[in-house]
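*Asks:* Chain by chain, the residues run as shown.
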Amino acid sequence: MENIVECRNLTHYYGNKMVYEDLNFNIKKGSILGLLGKNGTGKTTTINILNGYLTPRSGECIILGENSKNLSPYVKSQIGYLIENHVQYAFMNIYQIEKFYSGFYPNWKREAYYDLMAKLKVTPKQKISTMSCGQRSQVALGLILAQDPELLVLDDFTMGLDPGYRRLFIDYLRNYAKAEGKTVFTTSHIIQDMERLIDECIVFDYNKVLVYMPVKEFMSTFKQFNFEVTNPDVEFEKGGLVENYEKIDSTIELYTYSRANEVESYLASLGIAYSNFREVPMTLEDAFIGLTGKY
Amino acid sequence: MWKSMFYKEWIKIRLVFWLSVIVGVGVTLAMYMIIRSELADTPVNHYLWKIMNRDFVFFTLFKFLPLGIGLLIGLAQFIPEMTEKRIKLTLHLPINEEKAGLQMVAFGVMSLTIIFSLMFLVFIGIGRYYFPYEIIRVAAITVAPWFMSGFAAFFIAGMVAIEPIWKYRIAYLVIGGLFIKMFFILWKAGSYIYANGFFLILVVLFSISILFSIYRFRKGEM
Chain W
0 MENIVECRNL THYYGNKMVY EDLNFNIKKG SILGLLGKNG TGKTTTINIL NGYLTPRSGE
60 CIILGENSKN LSPYVKSQIG YLIENHVQYA FMNIYQIEKF YSGFYPNWKR EAYYDLMAKL
120 KVTPKQKIST MSCGQRSQVA LGLILAQDPE LLVLDDFTMG LDPGYRRLFI DYLRNYAKAE
180 GKTVFTTSHI IQDMERLIDE CIVFDYNKVL VYMPVKEFMS TFKQFNFEVT NPDVEFEKGG
240 LVENYEKIDS TIELYTYSRA NEVESYLASL GIAYSNFREV PMTLEDAFIG LTGKY
Chain L
0 MWKSMFYKEW IKIRLVFWLS VIVGVGVTLA MYMIIRSELA DTPVNHYLWK IMNRDFVFFT
60 LFKFLPLGIG LLIGLAQFIP EMTEKRIKLT LHLPINEEKA GLQMVAFGVM SLTIIFSLMF
120 LVFIGIGRYY FPYEIIRVAA ITVAPWFMSG FAAFFIAGMV AIEPIWKYRI AYLVIGGLFI
180 KMFFILWKAG SYIYANGFFL ILVVLFSISI LFSIYRFRKG EM
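For the protein sequence lines, the chains are W and L, in the order given. For the first sequence, numbering that gives the first Met the number 0 puts the final residue at 294, and the numbers step up evenly by one. For the second sequence, numbering that gives the first Met the number 0 puts the final residue at 221, and the numbers step up evenly by one.
Everything labelled a hint here was simulated from the structure, so no lab data went into it. No residue lacks a Cβ here, since even glycine has one placed at the ideal position from N, Cα and C. Warning: the hint list may mix true and false statements.
As the list claims (entries may be wrong) - Coverage of chain L stretches by chain W, computed from C-beta distances (three or more under 8 Å per stretch; other residues unrestricted):
hint : segment
1    : 5-16
2    : 89-98
3    : 207-218
Stated by the list, open to error - Taking lysine-lysine and the PhoX-like style, the derived pairs with C-alpha atoms no more than 20 Å apart in a straight line are:
hint : chain 1 : residue 1 : chain 2 : residue 2
4    : L       : K187      : W       : K68
5    : L       : K84       : W       : K126
6    : L       : K2        : W       : K98
7    : L       : K84       : W       : K68
8    : W       : K16       : L       : K218
9    : L       : K49       : L       : K187
10   : W       : K177      : W       : K215
Start from the sequences and build out the full structure, keeping to the hints where you can.
*Replies:* Right, here's the structure in full:
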């Protein structure tokens, strides 16, 4: 399948602080890729590189066949970009902003924008700066729908939204992307929302990529096992079978890509006495926290 | 596309634009009302003698007005772009980034030209009613750098606002401040008669300074 985005060997530092080294990922046409990570792991950095607002120290991103450092007006017209916090020209009202953007896009779909605006309880002359975060998110989404781009780049679109608007945004976006065959690249640190939206995920930790695979594969292979140990001082070495673990008194939460029998064999090989061994079902958020840790 | 860009810029500055027109033209009119009352109290010959032989500048009230207007238009245009880094939206528009920056600057220059032309027309028009041609000619030469300072302030405001790093902003402010000071060093009427052409070239060169800040922003300087 054709790749809409290809990032090769991306390396970036802020001064001497490494963000990541040799990051590679592709986004296939029609897929929804979620970039997940805690604050400060490089999500927005990646978005900035993709949009040409940041030159990586090395490596490159190819978007729709062009290097992101020098995107042509045509390719930019094919990228819908939603900035963190749904930033838009807040000094405009919903009529003015539609009029402004429509002049730049020959295939502008005015109806798509106004259909969504009709659902908002705002007056046409109300300035965007006076709207709630949820309403602003709908304005930003409406503008992207009207632009009708090939690729949607959404930077932490859930930030500041209440659960209702988050759900509305995600359902609207997913239906649109799947019906129109659009490609979506999105970041978020509210993982529970992403489960309903994304096909593939990349999980960032500080300086490294922990996971890059389809969400279904991740959710079916990554597991949490809980058990009680008699010796609460027990420690596990991360890497190999144990991806991560948390210890709450004598209860161990162990995160792994291995099966139950493999984990039990591993515990036996270490001579660890345990009881009440069980697999715990996880949501994507549980899996994310299990993988990256609570701190 | 330039129509859309101008539309956005107009929404940003329209209040400041009308305020500048009212204040600019109003102060010019007020200046002549003061002159009118002074002429009522002073013999005309003595007033003209003061202007011609004692280097009396009758239009000092006017002096920093274009500078203030240029700065105000610049801030009205570029501060909203940098608030929440909205410049990212502008640079993401499907036009060349440098072209987008220059279109914004072109709109500001056009707005300032309209405001300054109105002020200049009122200044010269009413001035010709009170004073002979020679005095008004020297007055026009004297106010020319003041108007140019308004354009310079606008360009510097854009360059400083878009610049992503504070220490560079401060450096631009210092350089820009010194540059603008150049327009106000000499006080005598007509002093800059031979410098106006040179000033004009410098101001035109400054007009593209925003491109440097845009380049640095896109490079991701922090």
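*Asks:* Does each hint hold? Answer for all of them.
*Replies:* Hints versus structure:
Counting residues of the segment 5-16 of chain L whose CB lies closer than 8 Å to any CB of chain W gives 4, which reaches the minimum of 3, so the coverage claim holds. Under the rule that three or more residues need a Cβ within less than 8 Å of chain W, the assignment of the segment 89-98 of chain L holds, with 6 such residues. Only when three residues or more bring their CB closer than 8 Å to a CB of chain W does the claim for the segment 207-218 of chain L stand; here the count is 3, and the claim holds. As the CA atoms of L:K187 and W:K68 are separated by approximately 52 Å, the hinted pair breaks the 20 Å bound.
Simply put, L:K84 and W:K126 have alpha-carbon atoms about 18 Å apart, close enough for the 20 Å limit, and the pair holds. The hinted pair formed by L:K2 and W:K98 meets the criterion: a straight-line CA distance of about 11 Å does not exceed 20 Å. Using a Cα cut-off of 20 Å, the hinted pair L:K84 and W:K68 holds, with the two alpha carbons roughly 19 Å apart. Proximity of W:K16 to L:K218 is assessed by CA-CA distance (about 17 Å); at most 20 Å being required, the pair is judged to hold.
Pair hint L:K49 plus L:K187 holds up; C-alpha atoms about 12 Å apart against a cutoff of 20 Å. Distance restraint check for W:K177 and W:K215: the Cα-Cα separation of roughly 17 Å lies within the 20 Å cut-off, and the hinted pair is therefore satisfied.
In this structure, only the earlier hint numbered 4 is contradicted, and the remaining ones agree with it.
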